[in-house]
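With chain V's structure known, arrange chain U on it following the hints.
Residue-level listing of the chains:
There are 2 protein chains.
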Amino acid sequence: MNRILTYDSTLRDGEQCEGITLSLEDKLRIVERLDAFGVDFIEGGFPASNPKDIAFFQRVQDLPLKHARIAAFGSTCKKDVAAEDDRGLADLVASGAPVVTIVGKTWDEQVTRALLTTLDENLRMIRDSVAHLKAQGLMVVFDAEHFFDGYKANADYAMACVRAASEAGADSIDLCETNGGALPHEVEAIVAAVAQALPEQQLGIHCHNDSGCAVANSLAAVRAGAVQVQGTVNGFGERVGNTDLLTVIADLELKMGCTCVGEERLRDLTSVAQFVAETCNLSVPNHHPYTGASAFAHKGGLHASAIARFPEAYEHTRPEAVGNTQRMLVSELAGKASLIAKAKNLGIDLAQHADKTQEILDDIKRREAVGYSYEVADGSLALLLQWHLGAYRPHFTLESFRVIVDDHEDTGALAKDAMSEATIKIHVGDQRFVATGEGAGPVGALDNALRMAIVAFYPEVADIELVDYKVRILDENVGTDAITRVVITTRDKHGSWGTVGVSENIIEASWNALVDSIEYGLMRIGE
Amino acid sequence: MNRILTYDSTLRDGEQCEGITLSLEDKLRIVERLDAFGVDFIEGGFPASNPKDIAFFQRVQDLPLKHARIAAFGSTCKKDVAAEDDRGLADLVASGAPVVTIVGKTWDEQVTRALLTTLDENLRMIRDSVAHLKAQGLMVVFDAEHFFDGYKANADYAMACVRAASEAGADSIDLCETNGGALPHEVEAIVAAVAQALPEQQLGIHCHNDSGCAVANSLAAVRAGAVQVQGTVNGFGERVGNTDLLTVIADLELKMGCTCVGEERLRDLTSVAQFVAETCNLSVPNHHPYTGASAFAHKGGLHASAIARFPEAYEHTRPEAVGNTQRMLVSELAGKASLIAKAKNLGIDLAQHADKTQEILDDIKRREAVGYSYEVADGSLALLLQWHLGAYRPHFTLESFRVIVDDHEDTGALAKDAMSEATIKIHVGDQRFVATGEGAGPVGALDNALRMAIVAFYPEVADIELVDYKVRILDENVGTDAITRVVITTRDKHGSWGTVGVSENIIEASWNALVDSIEYGLMRIGE
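Respectively, the protein sequence lines represent chains V and U.
Residue numbering for the first sequence follows my numbering, starting at 1 and increasing by one per position.
Residue numbering for the second sequence follows my numbering, starting at 528 and increasing by one per position.
One or more of the hints may lead you astray.
[Said to hold, decoys possible] Cut-off 20 angstroms, straight-line C-alpha distance, at most; resulting in silico cross-link-like pairs (DMTMM-like, lysine to aspartate or glutamate):
id	chain 1	residue 1	chain 2	residue 2
1	V	K342	V	D35
2	V	K152	U	E842
3	U	K579	U	E542
4	U	K679	V	E315
5	U	K892	V	E186
6	V	K52	V	E25
7	V	K52	U	E895
8	U	K863	U	E895
9	V	K255	U	E713
10	U	K952	V	D406
11	U	K1020	U	E552
12	U	K871	U	E847
13	V	K342	V	E32
14	V	K342	V	D362
15	U	K952	U	E965
16	V	K425	U	E936
17	V	K493	V	E460
18	V	K52	V	D91
19	V	K78	V	E18
20	U	K952	V	E409
21	U	K782	V	E186
22	U	K782	U	E727
23	V	K425	U	D933
24	U	K679	V	E312
25	V	K152	U	E839
26	V	K342	V	D355
27	U	K871	U	E1054
28	U	K606	U	E636
FYI, nobody ran anything at the bench for these hints, they're computed from the structure.
So that you can see chain V by itself, here it is in the shape it has in the complex:
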């Protein structure tokens, strides 16, 4: 059996990472992308913890997922509370998720010193919680918290915990290396012992990277019999992070003869890494395994002739296998075939314009070199393609804008007295229009001014709504003078799209992304 199930926890354990805050729309877009990539399970969050997670479990039910199953995360019932009376378990059931994952303790001392209950009561909590959820017809994953520390301290009790979950009907028991401190030989030995004791039970593995061994520990568990691997995209997570699910998938598929997402979808690995990172307002580190911009970078000249003679000596795997490239410049669109496929997604048939494809690729590379990123900016990419094909018909053109922001006194708190005003001069067809908009902020003022200027000509602009706005500084070594990339997410009643603007000036970058967002929206409506 070399099919290994993948279980993504980016939206739950990954979001524990400092600095990551995902909006509801972000979470839904990540679900869609991971589903398309072929991930088997996507853990969405704690269904009871806050309004955003509650709304997530409602909204996600409307997504037309092709493959992935959504998991809601919680704990076993509380001590001295019956499973059927437990509020947390009831929230899990109410979430509507087809899979529920509950974490329970397996380390004897943690039960007695932290949970402050008896070892027997903890076994009851595990058994009753799993049985109760199974009785609701749900698929149940039992996350055995601190299993490896627990096993080292008291193997009999740790085994009794997973046996209780197993006998109560848990579909998968995922052994959690919660502290991240174990080493591969320990993980392999302990998982093998569990697999021997419970030969019929599906086992999974959940690791953290505190010893720098999360990937190796996960692979060691698979060698010992685990068939489900938990992790997060790019290893995002608190402290040192979780297992990077994407690296594990690549290692399993390319080096251990296992199947996770399959050879074809594995070629999306790099773009999935980039998409999720950008959505989290982060970057894939340049030197990240498989997906980093430098992962297959070679010093020019030094090796070039040697690479040509004996490529296996310089690459542990072909970069194309994971959608990366041997060059420095990495893009989902780096090759003609992928650009054609991407364009087709956007409803543009590039195959009919073979003469333009190289020109477009060159332009994309040039733009990505100065800071554009089209991974999350389908709208801007579609406009760029239309422009190259001579099919771009702008709905308006700018003559100039001026933005003024005034502020008085340093209140130190959430001040509301700063005022922004934007004046734009714009042409629609042969008419010139001047409009001034106000806003709490300068981009809002520009947005208001633009809408005011064009609404008489394009009343449908009222249906186009900006829903998210992100800013990244691309060269952190030059502070506020650096290149700024703005990504705007916009939606109408049919869906949402991303657009990108780049400039040394945050207002100009915002304006460029804003123009694309409205242009693409009007173009969609017009089609």
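Same frame as chain V, but now just chain U:
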């Protein structure tokens, strides 16, 4: 034998990393630091490759090193050239380094297809080169290039290569996982086979991280009998990087019962990581094992009481063991215990102000509810605490600012013609000051204006540098009118800090974060 030798290649293989360029002085300072840390061998570079490396090997001889030995790096003699006539070997000898490390091929196909010579000639090159260098009285390390790929392809030939080096007297044979593609179970099996075949020979290991397993592969080699580990500080290196020598040292010392630098010097681990990173003009990634700023970070509130009851459940090792510190992340869930711990990190003793603690917690909660986040904004949190304790002494106060951004034409590309101008009116003590700054963007213009206004009073502001600037829109349902959170990272020569600003207006939010960044920087300098 649990003494494991450490061999650092930061100055040679690490410098292959894109973006790292070390001056001669940088290299010498890193040598001194690694020597003080207790590294056994420090590979300094290629003594023949450029004037800087030639000068390095001269200058390093004058350093009063306490423990480390300097290694010069090169290759076996060229094909069809006698070892005593080989220019590269002569350069190694002339370097004056007491240790020479020569790399030689061990993968049959690489010999025939890339080196374009016979298998026998390659064996001669290895044997003669090692013997020649030994005859000069040098310590010789043989780096067996591509050993693991070579062994998998033709074990007999790979073994013949290392046997040739061994018989010629190599002091250490370091098996190189050159491509970075191997997995721990493969490395362990192959090193064990070599150790069995050459029981008297000292073996070492040199890995790269392309499969995300460099640390685990190095540990696996030690388990199989290697007693010397090569790596680079922070894993710096080309592609995905080398083995992070510091992580391996910590794992070996804390988890495998080995001795590398010893318990006492292990407490310098984090500062060595930071020192080398800063010298390379890079940072230690926040989520790096052992040494990252977040490696021992915990969400406040949620776990604080549990950590107090059972700390082993939340830390795989004590952060003090590696010179790092536990960080409590202040969040919406913060409790008193974690706030007090966090304040202590910042050098503020809240325990002496018990009456203020609840007031501060309430204020933090109120601020986090409107969008502030102090997880990544230690600087703003410190100022807030000072304010509550009546100890905040602002270096300047704002009367008003005005920002104007002008743009003409919609160029559609990376336009450079938008201009920003900021005028600020500010009070320092009883003096009023008006200054105007320009910038590529509005925040840069504000930063310039502020610095211009205060530099005469606080010339030390010139040492404070903005290095990163992030923006998040917090309520995705209201687009550009939403609450904006700006987080700025600032550094001086002693470290870096984060500050946060929140407003409906991105410029005002930026201003607030900017003021905190400068205020906190001036406060640090003043202390």
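Results for each hint:
In summary, the hint linking V:K342 to V:D35 is supported, as the alpha carbons are separated by about 17 angstroms, within the 20 angstroms threshold. With a C-alpha separation of about 16 angstroms, the suggested pair V:K152 and U:E842 falls inside the 20 angstroms cut-off, and the hint holds. Annotation: proposed proximity of U:K579 to U:E542 holds, straight-line Cα distance about 13 angstroms (limit 20 angstroms). In summary, the hint linking U:K679 to V:E315 is supported, as the alpha carbons are separated by about 16 angstroms, within the 20 angstroms threshold.
A C-alpha spacing of about 42 angstroms is found between U:K892 and V:E186, which places the hinted pair above 20 angstroms, so the restraint is violated. Pair hint V:K52 plus V:E25 holds up; C-alpha atoms about 10 angstroms apart against a cutoff of 20 angstroms. Distance check on the hinted pair: V:K52 and U:E895 sit about 16 angstroms apart at the alpha-carbon level, within 20 angstroms; holds. Pair hint U:K863 plus U:E895 holds up; C-alpha atoms about 16 angstroms apart against a cutoff of 20 angstroms.
A hinted pair counts as satisfied when its Cα atoms are at most 20 angstroms apart, and V:K255 with U:E713 qualifies at roughly 11 angstroms. Pair hint U:K952 plus V:D406 holds up; C-alpha atoms about 12 angstroms apart against a cutoff of 20 angstroms. Straight-line distance between C-alpha atoms of U:K1020 and U:E552 comes to about 17 angstroms, which keeps the hinted pair within the 20 angstroms bound. For a cut-off of 20 angstroms, the pair hint linking U:K871 to U:E847 stands: about 15 angstroms separates their Cα positions.
Note on V:K342 and V:E32: the hinted pairing holds, with a Cα-Cα distance of about 16 angstroms set against a maximum of 20 angstroms. Annotation: proposed proximity of V:K342 to V:D362 holds, straight-line Cα distance about 16 angstroms (limit 20 angstroms). Our distance criterion of 20 angstroms between C-alpha atoms is met by U:K952 and U:E965, whose separation comes to about 15 angstroms. Proposed proximity of V:K425 and U:E936 is supported: the alpha carbons are some 9 angstroms apart, at most 20 angstroms.
With a CA separation close to 11 angstroms, the supplied pair V:K493 and V:E460 stays within the 20 angstroms bound. Restraint check for V:K52 and V:D91: the C-alpha separation of about 14 angstroms stays at or below 20 angstroms, so the hint holds. Taken as a hint, the V:K78 and V:E18 pair is broken in the structure, with Cα atoms around 28 angstroms apart against an allowance of 20 angstroms. Distance restraint check for U:K952 and V:E409: the Cα-Cα separation of roughly 10 angstroms lies within the 20 angstroms cut-off, and the hinted pair is therefore satisfied.
Between the alpha carbons of U:K782 and V:E186 the distance comes to roughly 11 angstroms, so the proposed pair stays at or under 20 angstroms and holds. In summary, the hint linking U:K782 to U:E727 is not supported, as the alpha carbons are separated by about 27 angstroms, beyond the 20 angstroms threshold. Between the alpha carbons of V:K425 and U:D933 the distance comes to roughly 12 angstroms, so the proposed pair stays at or under 20 angstroms and holds. Of the supplied pair hints, the one linking U:K679 and V:E312 holds, its CA atoms being roughly 13 angstroms apart against a limit of 20 angstroms.
Taken as a hint, the V:K152 and U:E839 pair is honoured in the structure, with Cα atoms around 13 angstroms apart against an allowance of 20 angstroms. With a C-alpha separation of about 17 angstroms, the suggested pairing of V:K342 with V:D355 holds against the 20 angstroms cut-off. Annotation: proposed proximity of U:K871 to U:E1054 holds, straight-line Cα distance about 16 angstroms (limit 20 angstroms). Proposed proximity of U:K606 and U:E636 is supported: the alpha carbons are some 16 angstroms apart, at most 20 angstroms.
Comparing the model with each earlier hint shows violations of hints 5, 19 and 22; every other hint is respected.
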